[in-house]
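Since chain G is already given, all that's left is putting chain Z on it; use the hints.
Number of protein chains: 2
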Amino acid sequence: VRILVPDSPAFKSLHDSAVDFVPYARDGEIPTRADGVVMLGVPRAHRQKLLALPGLKWALTLTAGVDHITSDLPAGVALFNASDLHADAVAQHAVATLLSAARGLHLARDFQRERTWGRFGVFSGAERAGQGLGTLAGRHVVIWGYGHIGRRLEAYLVPFGARVTGLRSSHSPYDVNSALADADVAVLLLPSTPGTKGIVNADVLSRLKPGAWLANYGRGELVVTDDLVGSLHAGHLGGAILDVTNPEPLPAESPLWEMPNVIITPHVAAATSDIEQRAAAFTADFVRQLVRGDEPPNRVDVSRGY
Amino acid sequence: VRILVPDSPAFKSLHDSAVDFVPYARDGEIPTRADGVVMLGVPRAHRQKLLALPGLKWALTLTAGVDHITSDLPAGVALFNASDLHADAVAQHAVATLLSAARGLHLARDFQRERTWGRFGVFSGAERAGQGLGTLAGRHVVIWGYGHIGRRLEAYLVPFGARVTGLRSSHSPYDVNSALADADVAVLLLPSTPGTKGIVNADVLSRLKPGAWLANYGRGELVVTDDLVGSLHAGHLGGAILDVTNPEPLPAESPLWEMPNVIITPHVAAATSDIEQRAAAFTADFVRQLVRGDEPPNRVDVSRGY
Numbered sequence: 001v002r003i004l005v006p007d008s009p010a011f012k013s014l015h016d017s018a019v020d021f022v023p024y025a026r027d028g029e030i031p032t033r034a035d036g037v038v039m040l041g042v043p044r045a046h047r048q049k050l051l052a053l054p055g056l057k058w059a060l061t062l063t064a065g066v067d068h069i070t071s072d073l074p075a076g077v078a079l080f081n082a083s084d085l086h087a088d089a090v091a092q093h094a095v096a097t098l099l100s101a102a103r104g105l106h107l108a109r110d111f112q113r114e115r116t117w118g119r120f121g122v123f124s125g126a127e128r129a130g131q132g133l134g135t136l137a138g139r140h141v142v143i144w145g146y147g148h149i150g151r152r153l154e155a156y157l158v159p160f161g162a163r164v165t166g167l168r169s170s171h172s173p174y175d176v177n178s179a180l181a182d183a184d185v186a187v188l189l190l191p192s193t194p195g196t197k198g199i200v201n202a203d204v205l206s207r208l209k210p211g212a213w214l215a216n217y218g219r220g221e222l223v224v225t226d227d228l229v230g231s232l233h234a235g236h237l238g239g240a241i242l243d244v245t246n247p248e249p250l251p252a253e254s255p256l257w258e259m260p261n262v263i264i265t266p267h268v269a270a271a272t273s274d275i276e277q278r279a280a281a282f283t284a285d286f287v288r289q290l291v292r293g294d295e296p297p298n299r300v301d302v303s304r305g306y
Numbered sequence: 001v002r003i004l005v006p007d008s009p010a011f012k013s014l015h016d017s018a019v020d021f022v023p024y025a026r027d028g029e030i031p032t033r034a035d036g037v038v039m040l041g042v043p044r045a046h047r048q049k050l051l052a053l054p055g056l057k058w059a060l061t062l063t064a065g066v067d068h069i070t071s072d073l074p075a076g077v078a079l080f081n082a083s084d085l086h087a088d089a090v091a092q093h094a095v096a097t098l099l100s101a102a103r104g105l106h107l108a109r110d111f112q113r114e115r116t117w118g119r120f121g122v123f124s125g126a127e128r129a130g131q132g133l134g135t136l137a138g139r140h141v142v143i144w145g146y147g148h149i150g151r152r153l154e155a156y157l158v159p160f161g162a163r164v165t166g167l168r169s170s171h172s173p174y175d176v177n178s179a180l181a182d183a184d185v186a187v188l189l190l191p192s193t194p195g196t197k198g199i200v201n202a203d204v205l206s207r208l209k210p211g212a213w214l215a216n217y218g219r220g221e222l223v224v225t226d227d228l229v230g231s232l233h234a235g236h237l238g239g240a241i242l243d244v245t246n247p248e249p250l251p252a253e254s255p256l257w258e259m260p261n262v263i264i265t266p267h268v269a270a271a272t273s274d275i276e277q278r279a280a281a282f283t284a285d286f287v288r289q290l291v292r293g294d295e296p297p298n299r300v301d302v303s304r305g306y
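From first to last, the protein sequence lines stand for chains G and Z. Position one of the first sequence corresponds to residue 1 (this note's numbering), numbered consecutively onward. Position one of the second sequence corresponds to residue 1 (this note's numbering), numbered consecutively onward.
Worth flagging that the hints you see were computed from the coordinates, not collected in a lab. Quantities reported herein were computed from a predicted structural model and do not represent experimental measurements. For every residue, glycine included, the Cβ atom is placed at its ideal position computed from N, Cα and C. Treat the hints with care, since some could be wrong.
Said to hold, decoys possible - Coverage of chain Z stretches by chain G, computed from C-beta distances (three or more under 8 Å per stretch; other residues unrestricted): (1) 87-96; (2) 151-163; (3) 195-208; (4) 246-252; (5) 263-270; (6) 294-303.
To be verified - To be clear about the criterion: a stretch of chain G counts as covered by chain Z if any three or more of its residues have a C-beta under 8 Å from a C-beta of chain Z, and this derived list gives those stretches: (7) 79-88; (8) 103-109.
Said to hold, decoys possible - Residues of chain Z placed beyond 12 Å of chain G at every Cβ, according to the derived structure: (9) His15; (10) Arg33; (11) Ser273.
Chain G on its own, in the form it takes in the complex (with noise of 0.2 Å):
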């Protein structure tokens, strides 16, 4: 079995007496022939030719989201992702930002940088943005995607006293607006589908309380930035968590930037310093099930997009 790995020193440390793993430069030749190839960090163009190597039966993409490549995957070449390595990283991103929120610590960040100690009355930090400050006590965070990020999610949400309601794609319209309606925050998890593209419009954020918080760890494509941009900008949504945005990266004109209440991460919710050393060590675990004649539980169906 011969199988494409990147050429980072983590990965080149990889062995298996039945794989003969052949590392490619992200930006430089690309080997003739592969049964695998396993991609992390690909520029688009580099990981088009990978795809398209004669006689490649499947690709690893080290990611959760699969909509960079599903486009470019020739049919018959199996498409096998990454949610567990991401799940905790993600997870824990996620209750950073909603702790955060809670908190205020982006305003008192803000008067940090004035060298403000801004606390008058309880924190007039809080204030000036408009929110009050609080905990995850007794908040419902609906979480829509629930998948191994959602549930993991949940797990550590829960112990703060948040209430927590998953929402899955078996869910009904009906359920979905229903939770919604409740929601002190929505989070979004879903993978971008041709579904789920532009699926938080103007209607939907109008159908979540007054004050409510729309965060998004899912993807940029997910929310009409216009109806999110209109809708902070009518004081009808509390404040926004975007790790990701439509168009990403956000440009420096957007509003976004500056409206109260928004808080933005580059992208960077599964990001962790040990990323190739986890992701190499994830794919040894791969290449193991496989060479044992087990198919790996990561297999994406491409009807569906995740």
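Same frame as chain G, now just chain Z:
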């Protein structure tokens, strides 16, 4: 029984057939006689007058710390505090800031204010501040001052994969030093007493591992500020989370405001928008115990200072 309470709506709605609740203005005239006094957010000069009322038997401060009270407390007046009232908010605030530090949210906020999508490589913001992105998984958090709040904090941290060591006053200096030497984050929840003032000095900071963080949610006076600045400046400490400072408020000219990986919140760990309502409910419960003839469990040992 005649009990003085703040004249805010939440306290004015207290009712008990065995008690005469007398509201007082936090900045106005003081009633002439009382069995007990309940205090929240009372300026010092006013507090001194309240504590000096003839015949006063007890005082309830609706704070966790009592160091601002004890020096003005007449002999024979019992003091009660309210750690329980604040444990959850302080513990959630602590998790919020610890997770924020691990995820680099303070750096992301700085990028946001520059309208910059700060994701080059993994996260250039982190590299800029010499900090990798991570999670709390596998991190050793040493909680120095392990009471109500510390135990709550431990319960929140453990599901994230953190390893927690709690240090109580019964631990030997050897135990304390051993734990600190292995800490990734040293969390201060100690009360301010003559024995703890300045306890975190250059010697203690040098015992922490290079790159370790200090987080203070206790009292500003626990830390020798010049020594903290020196350790951060030398690059020994990896960063600091400061909800309390010395002096407090932190002066505009302090170098701490702009040091990399210093996260400052203005003594708001216990603050929630509904604090008056929660404090009044705590007071009602406290008074019920008194009326029943039970001593409430939150009596302060003034000789220990907590």
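**OP:** Taking the numbered hints from earlier one at a time, note which ones the structure violates and give those numbers from smallest to largest.
**Re:** 3, 6, 7, 11
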